[in-house]
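Using this note's numbering, you'd call the opening residue of the sequence shown number 4 and step up by one each time.
Since the hints were made in silico from the structure, they are not lab data.
Glycine is no exception: its CB is placed at the ideal position from the N, C-alpha and C atoms.
Accuracy of the hints is not assured; some may be wrong.
Derived CB-CB ranges, DEER-like [what the hints assert, rightly or not]: (1) A20 x D55: 28 to 38 Å; (2) D55 x E81: 32 to 42 Å; (3) D7 x I65: 35 to 45 Å; (4) L38 x R71: 15 to 25 Å; (5) R8 x T87: 45 to 55 Å; (6) R10 x R71: 34 to 44 Å.
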Amino acid sequence: MTSDRRRDVLVIGAGLAGLAAALRLQESGCDVEVLEAKSQVGGRIRSIQRGDGVEEAGGTTIGGGYRRVIDAAARYGEELIDATPMLAFFREQDMVLRVEIIRQA
């Protein structure tokens, strides 16, 4: 819900880029409002409740090159899990699993 009050910046879309922009602008002292068409924020990244479980949709991994995202997660107390040991990789169109994963199964 928006008000008639003027803002310094209006961010359209509450996906990761919109939220990151709004956060940085707010931290720099701007009065920011974020508008999102959907009922939840996150854009393509969201959690879907199905039965007793929750499925993660969209970008569920953050590579080591995304230092700003990793720093923001730490700043807001979000726990990140290093999934590197669990990842499969592809070689010549064949999926390859690390032996450790197979042994754990």
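Margin query: Are any of the numbered hints broken by this structure? If so, which, sorted upward?
Written below: Failing hints, ascending: 2, 6.
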